[in-house]
Amino acid sequence: MNDTARQYDAVIREALVTHSDLGDTARELDRDADLYAIGLTSLHSVRVLLSVEDALGVEIPEQHVGRALFSSIGHFADVLLDIAGTTTGAAR
Amino acid sequence: MTAPDRVLSFAEAREAALRARAVLVEHAPATDRDAAFPAEPVAALRAERLLSAAVPKEYGGHGLAPDELAALAAVLGGGCGSTAMVWAMHQLQLACLAGAAATSPELAAYLREASAGQFLVASVTSEAGVGGSLRESRCALVPDGGELLLEKEATTVSYGAYADAFLVTARSRPDAAPTDQVLVLVRAGQARLTRTGEWDTLGMRGTCSPAHSLSARVPAAQVLPAPFGEIATRCMVPLSHLLWAGVWTGIAADAVRRAASFARARARAQLRSGAVVDDPRLGRAYASLRVLQDSVRQFGADYTRFTAEPDADTTAITVRANALKTSVSTGCLRVVEQALEICGMAGYSESGPHSVARHLRDLHSARLMIANSRLDQSNSQLLLLGGSVIDA
Ligand SMILES: Cc1cc2nc3c(=O)[nH]c(=O)nc-3n(C[C@H](O)[C@H](O)[C@H](O)COP(=O)(O)OP(=O)(O)OC[C@H]3O[C@@H](n4cnc5c(N)ncnc54)[C@H](O)[C@@H]3O)c2cc1C
Chain A
1 MNDTARQYDA VIREALVTHS DLGDTARELD RDADLYAIGL TSLHSVRVLL SVEDALGVEI
61 PEQHVGRALF SSIGHFADVL LDIAGTTTGA AR
Chain B
1001 MTAPDRVLSF AEAREAALRA RAVLVEHAPA TDRDAAFPAE PVAALRAERL LSAAVPKEYG
1061 GHGLAPDELA ALAAVLGGGC GSTAMVWAMH QLQLACLAGA AATSPELAAY LREASAGQFL
1121 VASVTSEAGV GGSLRESRCA LVPDGGELLL EKEATTVSYG AYADAFLVTA RSRPDAAPTD
1181 QVLVLVRAGQ ARLTRTGEWD TLGMRGTCSP AHSLSARVPA AQVLPAPFGE IATRCMVPLS
1241 HLLWAGVWTG IAADAVRRAA SFARARARAQ LRSGAVVDDP RLGRAYASLR VLQDSVRQFG
1301 ADYTRFTAEP DADTTAITVR ANALKTSVST GCLRVVEQAL EICGMAGYSE SGPHSVARHL
1361 RDLHSARLMI ANSRLDQSNS QLLLLGGSVI DA
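Chains as they are written, first to last, in my numbering: chain A, 1 to 92; chain B, 1001 to 1392.
Chain B on its own, in the form it takes in the complex (with noise of 0.2 angstroms):
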């Protein structure tokens, strides 16, 4: 076994971050045109030990919070959209480890394993016939000889080809409801993974998520212990809905100091010519930035203290949440929208250094990833429990 990680603080996972953001910078470009796997990036953020980010530390991680982590995948998202989301879901997939480790000696030296392996861990949430239904499943765990066995048609799977493991959701029996669900660790010698669609989309190319057949057969000790709904109202819908945004506010500055490098530019030739000074454009994008930003941040040390409280109300963060993500889904979009009006045709151009146009496209896939009306459908029927959660 290697030995232990020096742990980061957040200061210094902060520079590893930026200067690993200048790898992503240079790849972006090539990562979404060929819808390919950002490998150099991953691999930079692997050197800079990133990968552990989310795992505590006596797991030999560098244990940070919610609220650091979505500030890092901010930084990340200023470099390159697909290998933020990249980064946010497979720290996503880290967390909810993280939650199950306590008891369970196995995930926990996975765990151990994962952050000195600075293994990449992927997502298997989405089932064909299910749509985006996170908590409904149709496969289901089959017991074999003390074993278990798993077969599930995916529809939707990030760097599914390039991971080192997978969290599954499954049925947690052949006879059990469809909202009976458990999350389940498969590595992926584990698992007989066949790719069955194309990945070619208008944005987050690189996130490279074509539908996949999944065949696994693993130790039962591989199942969280915990029910999945647990999890996931206590981890994978907050961290999720909190993380994404993160990448989202962080694709939309890049594209606000896009504008204001091109708007300094436009200013310096009027100044030129004597001409004033006056387009309130630039203010106004920044102003919609910053909201999305501080509400980012706001719900990021909200959620922190939520998960050191084991007794807190899980409505109000889950109805949070779902706002959170909708709201700064399409907000993000609208920023690079009006960075897109300051640079006119070179932000509209595919390259150059006032370009907004991969902005645009990888935040079009923001309000599909969970389907916004499927969120603010929850969130019209949890808010008739009562105000509550509109005064806080």
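Bound conformation, chain A alone (with noise of 0.2 angstroms):
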């Protein structure tokens, strides 16, 4: 892991730690591990979601948002740093 890839694995538990019900657990849990099998719900995915486009100051494409993007933490990272990847302007 590079230090970008580092950053948003952290703004990701961050986030997930503030906005949803897995609290102090998205700390520790694996990078992998299945967000919605341990309790994360949609409604709350959204939460997430908005509060780390907010932190990294992106805004993550249409096709990309969906049910998906919340599999993993290690998921929804790469699809960060994808987005970085081609979209440099999308940083505000």
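Just so you know, not all the hints are guaranteed correct.
[Stated by the list, open to error] Here are the simulated distance ranges between beta carbons:
1. A/T25 - B/R1006: 30 to 40 angstroms
2. A/D82 - B/D1391: 49 to 59 angstroms
3. A/A68 - B/L1018: 49 to 59 angstroms
4. A/A68 - B/L1202: 36 to 46 angstroms
5. A/H64 - B/G1117: 35 to 45 angstroms
6. A/D82 - B/E1058: 38 to 48 angstroms
Calculated from the structure, these hints are not laboratory results. Beta carbons: idealized from backbone N, C-alpha and C, even for Gly.
Take each chain as given, in its own frame, and dock them per the hints.
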């Protein structure tokens, strides 16, 4: 993991702590753990998304937003890396 | 003659419409501001071969069904209401011609030519002195040495100055009753079209629809064989209402998309400050939109089935088409009003990513484009025939 990947990982975990019922466990979760299987609801996932966008100053394009985005912390971070790689202008 | 076009499936046509929509989006503000004909957007539709969507495959078109055309109209409506309406009105003319092509070699040949050349066909049903009554004409076809002469004072002709041909309603003969009408194809080269009015309107400004006087001489074979009454009931009325409704729901959907984008930015800020995100308005706007979209899809599917059944009950389809038109025309406007409230001043602004001002202005035309009160009046009479339509 490079610095950017580590930053995304941390931002997602913080958002999960604050905006979902997973609480502090989100800090120790496996990168590949299925978030829905351990109780993430779709309403909470929206808040997590918005707070990640807010923290990173990016807007995740519509085509990437969906239930699959939250399948795991690792997947979410990979999508963010992808977006940062293709649209450097995304940062405000 | 050019090689026949490759036929687009609905999925391919939808992809093509999505590509063209980018051009519509880019030109929508200037089209609206300047009340200018959307030349580049229409060129993009032409380049995608989408002008022949409604022409049956045997005449070189893509043979798309009414429900598919309505879905494309909605896609385009999300980019620019005026351009989408031009496309929808044009497809309607093609569909009327297609209904006649089986019994008229002349019109079949014209459809092949129109597909190959991606011609644009306009409608001249409106006429001074008859208001919005589709089923009445004052002008008449006058026989003259084997050909027919026609003079018509039309109150509203969309994209008339840019059309390759017109479908015109007229009384069948000089001594025919006002409702004894036919529909006649007039090529631009056979007509003298003079603009007699201005087009500086609240919305749908890019349709460029001022009053015109039309004077033409055409071969008798360019008259559609069926009486206009039959064409109106089986094709023009239900299909126009379906395609227009498609355009209107597309406009409303774009306004809801804008409201969702605004609400998302707002929710982000609220979360940051620790506030609760509990605004129900986006959900309500979507619910209103969804019902309208589903009504259009359902009517589209039913009308598509209807066109395959020559003996089907035309009264039921007329009543339903009228009801769809009046409810979707006003419903879509209400949806955009909801989007306006969500976006606030950003929605009221004429520019910016959350503006819904053009959407609102464009949709105000919906109730007038064949006045809703006329359609409600017709339905109120037709419904006296019995209750089977009400239950269906
Ligand atoms: C964006 C746009 C594009 C258009 N493009 C075209 C086009 O390309 N070609 C074309 O031919 N036309 C076109 N039209 C015109 C359309 O076909 C109608 O002719 C027009 O909308 C009716 O105009 P109106 O309101 O002046 O007439 P009317 O329908 O006569 O309405 C005038 C008033 O009379 C009332 N009224 C209701 N019922 C009746 C009745 N039974 N008898 C008398 N009055 C009644 C109406 O409610 C209204 O208050 C277009 C219209 C719009 C808005």
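Going down the list of hints, with the structure as the test:
no.: 1; hint: A/T25 - B/R1006: 30 to 40 angstroms; result: 56 angstroms, violated
no.: 2; hint: A/D82 - B/D1391: 49 to 59 angstroms; result: 54 angstroms, holds
no.: 3; hint: A/A68 - B/L1018: 49 to 59 angstroms; result: 22 angstroms, violated
no.: 4; hint: A/A68 - B/L1202: 36 to 46 angstroms; result: 44 angstroms, holds
no.: 5; hint: A/H64 - B/G1117: 35 to 45 angstroms; result: 41 angstroms, holds
no.: 6; hint: A/D82 - B/E1058: 38 to 48 angstroms; result: 47 angstroms, holds
Violation of the numbered hints given earlier is confined to hints 1 and 3; the remaining hints are satisfied by the structure.
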